[in-house]
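Novice: For reference, the chains in residue letters:
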Amino acid sequence: MRRRKRKGKKHENMFFTAAPDKPLGIRSESIREIAGDMLPGAERKNRRLNVLQKQECSINKYFVQGDEAIAEGAIAAGCRYFAGYPITPASEISEAIARRFPEVGGVAIQMEDELASIHSVGGASAAGMKAMTVSSGPGISLKLEGLGWGIKNELPYVVVDVQRAGPSNGVATRVGQADLYTVKYGSAGGNNSIIALSPMNVQEAFDLTIECFNLSEIFRTPVFLLTDETVGHTRELLVIPDASELKVVPRRKPTVPPAEFLMYPLDTPGTIDYPYPNIGEGYGICVSPYTHTAKGYATTSEKDQDKMATHLVRKVTDHLDRLTRVQEEMLDDAEYGIIAYGCEARPAMEAMKRARAEGIKVGFLRPIIIWPFPDEPVYRMACKVKKILVPELNRDGQLSREVQRAAKGQAEVYHLGSGGVETHQPVHVYDELMRIMKGK
Amino acid sequence: MVININRDFCKGCGFCITFCPKKVYERSGELNKKGYEPPKAARPEDCSECGMCDLYCPEFAIVLEKKSA
Amino acid sequence: MKNQGGDIERTIHPLAAKYLRQERMPHMACPGCGIGQVVHSTLIACDELALTPENTVWVQGVGCSSRITYTLWKGDNIDAHHGRIFAVATGLKLSRPDLNLICFTGDGDCMSIGGNHFLHACRRNLDVTAIMFNNAIYGMTGGQVAPTTPMGAMTPTTPYGNIEDPMDSVQIAMAAGASYVARWRSTDFRQIVSSIKKGIQTKGFSFIEVLTQCPTQFGRYVLKTGDPVKILQWYKDHTVTLQKAEKMTPEELKDKMLIGEFAHRTDRTGVVERYWDMIHKIQSERA
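Protein chains in written order, with our numbering: chain A, 86 to 525; chain B, 27 to 95; chain C, 207 to 493.
Hints in this document: simulated from the structure, not taken from any laboratory.
There could be a bad hint or two in this list.
List of simulated lysine-lysine pairs, BS3-like, C-alpha gap at most 30 Å [said to hold, decoys possible]:
#1 K92/B - K224/C
#2 K224/C - K338/A
#3 K450/C - K48/B
#4 K388/A - K92/B
#5 K49/B - K380/A
#6 K487/C - K146/A
#7 K48/B - K487/C
#8 K60/B - K224/C
#9 K436/C - K60/B
#10 K60/B - K388/A
#11 K49/B - K436/C
#12 K59/B - K404/C
#13 K450/C - K60/B
#14 K224/C - K380/A
#15 K59/B - K430/C
#16 K403/C - K59/B
#17 K49/B - K430/C
#18 K49/B - K442/C
#19 K92/B - K404/C
#20 K380/A - K48/B
#21 K93/B - K430/C
#22 K403/C - K92/B
#23 K224/C - K403/C
Pair ranges (Cβ atoms, derived) [unchecked claim]:
#24 R329/C - G275/A: 32 to 40 Å
#25 L57/B - T475/C: 52 to 60 Å
#26 L448/C - P360/A: 47 to 55 Å
Okay, the calculated bits of chain B under chain C, using three or more residues with CB under 8 Å as the criterion [to be verified]:
#27 35-47
#28 81-90
Just so it is clear, CB atoms sit at the ideal spot from N, CA and C, and this is done for glycine as well.
Input sequences plus hints: build the corresponding full structure.
Specialist: Next up, the structure:
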């Protein structure tokens, strides 16, 4: 938004915005609110738009990109180590963090490549810091090796994937949604405990970043914030609450002396809420890419390998009650359903509203925690509705496949795919819904 | 110098035998439980206390104690 | 003077008792491997500097360099992925600048897959002490050619002879900005101790390359002998000190590796110091 000066004459009280309102469903109240603050007579708040200058966690409203909201979320969560590498469309997170971290006592470093950044984040986490790295599709591919190190050694940290159109370098500056399986299955060796959250707007980008850090501490594992270029580059209202209102989970420290502490709780598979000691305090932390015993010593025994694999998987599967979070709209009487995540969610909800206005009973479900996949809520929806439409920005049907699996044949599942670059518009989703209703 | 040899750690590389300037060590003719042949200090009275055997040993298997007066 | 060999209580080496986990002894090096000797020299240096398991962290990569040293140290052992040791060390050191980091790496780990991270650790003058065991081969995986293997070497992946030139990590470290650079043979015990001490005390990236004999792979494949004593003789014949080299012709220096102290710069600050100075400055300006 800006004031326009034309031929020396200032046009007072005129604002225009390049942000399309309806198609993306950006809340017009957010623009009106900011505009109202800027009108003459309104109390002028000491802030700069688009760049956050305030100290962390003051009550304030900002008009920022999703990428910047993620940076603020990391700060609010207590993250004080960041390592990144330039990659569109995630660079803005690195840049915001580079500006803000020194203000709050955090280290932000641009490493020499994607692998260096995730490995240094692992090192920082082992050293007791809350740490984060960011990238997009091609960079996430590079980071997968480091991710494996983090999973295996139960290191808490956050990886942000701002998805873009692929495969490979694809269209660097435009949206895609094709990393769903990459983040879950891409790291070598399986046996993992991937948790991934996905925001659909700027406020969620902030809120869920904090939640990612919290879950990484509770579950002692890397957690993904799986977002996309549209959410990353959309500017919207962000409300940062007072620090006292935030729920931030600190790093747990052992309460027993080093001789009694086991680094990895492999004899009680699935244990979470487990301490992570500081280095340099006599606990003799042992971290390695190899399969390890409970103490962290390398081992080749079948029994130890199985214990470790079981523990890493059960860390998630034993606690699905804490890892199920979805948004459900109008499902009670729904006969048809739409499931979407990230930037596709708002067009999908607009399509649902349009159908509902015409008397068609359509419901909507959005995974907020997308890994582990919300099998239970999707199955419940499938039992209610006849058909489920899944719009997503890929042609290989990644989300659709998961929905199909979770639906267990209770409903027909239809994939509305696109290679990316643009999100689906509500009319695309609506038209496809009509087609499948008529028996496409 | 009192020469202690940890027979279980020794891997029979022969460095102490070869590099002792006073030829204190020689092969013992006995295998340890891993099948390596540790040395023995055959002529400890010739030891000049240079400490080279300790440094040459990769296994921390030679422990030298200076004889107390 | 008596030989009291075999008495276990009397045969725990004092340095091992002070610094190493007894349950991890004997370490997993092959008979005659030079890595054990360098570990010994490292412990002497730690002892002389009064380092403790609480204030010193051992960081490793992948390969013999790392599998042998991992979990030997009583303190923290952070074993990174192959080649990523300096990336991990960057995160560790920036987060805990107060701790000493000793990084054990190998020629493949450091110069091949880890080359990029090594370059930038030198460039950033990362305040760690790196000890690279150069056995000129990929030992742990069965003797494949490494970036430091001599020309003509027959290895499992160069069965017709190596036709690539080996690289000189010391020259690369110096060009990229390391503060302290040295190369020794595994049997240059006192020089290695001195270099490690200097490295730890030097603010910035200290790179100590040690030519370590590998009887199992390099010896058998390249030198056609598994006798560690003969391999040590080969290193003696193929190395020359910097001082001697000044008086030798290029022809005489062909196929010889230079050993000595190559660089010792104390004028450069490093990335850790600069980042934290910047952070404190910005925080105090905004306070």
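Novice: Against the 30 Å threshold, does the CA-CA distance of K93/B and K430/C hold or violate the hint?
Specialist: violated (43 Å)
Novice: With the threshold set at 30 Å, check whether the alpha-carbon distance from K224/C to K338/A stays at or below it.
Specialist: Answer holds: K224/C to K338/A is near 26 Å, not above 30 Å.
Novice: Honestly, do L448/C and P360/A meet the 47 to 55 Å range at C-beta?
Specialist: holds (50 Å)
Novice: Checking one constraint from the list: CA of K224/C to CA of K380/A, max 30 Å. Satisfied?
Specialist: holds (20 Å)
Novice: Taking 30 Å as the top limit, are the C-alpha atoms of K380/A and K48/B close enough?
Specialist: Cα-Cα ~44 Å, so violated.
Novice: For K388/A and K92/B, compute the direct alpha-carbon distance and say whether it is at most 30 Å.
Specialist: Cα-Cα ~46 Å, so violated.
Novice: Assess, step by step, whether the Cα of K92/B is no farther than 30 Å from the Cα of K224/C, and give holds or violated.
Specialist: The hint holds at about 19 Å.
Novice: K403/C and K92/B were given as a pair; does the straight-line alpha-carbon distance stay at or below 30 Å?
Specialist: holds (25 Å)
Novice: Decide if the proposed pair is consistent with the structure: K49/B and K380/A, CA atoms, cutoff 30 Å inclusive.
Specialist: violated (43 Å)
Novice: Decide if the proposed pair is consistent with the structure: K49/B and K436/C, CA atoms, cutoff 30 Å inclusive.
Specialist: Holds - the C-alpha atoms of K436/C and K49/B are around 18 Å apart, at most 30 Å.
Novice: Hey, K49/B versus K430/C, does the alpha-carbon distance stay inside 30 Å?
Specialist: holds (27 Å)
Novice: Between K450/C and K48/B, is the straight-line Cα distance small enough, at 30 Å or below?
Specialist: holds (29 Å)
When the structure is compared with the earlier hints, violations turn up for hints 4, 5, 7, 12, 13, 16, 20 and 21 and for no others.
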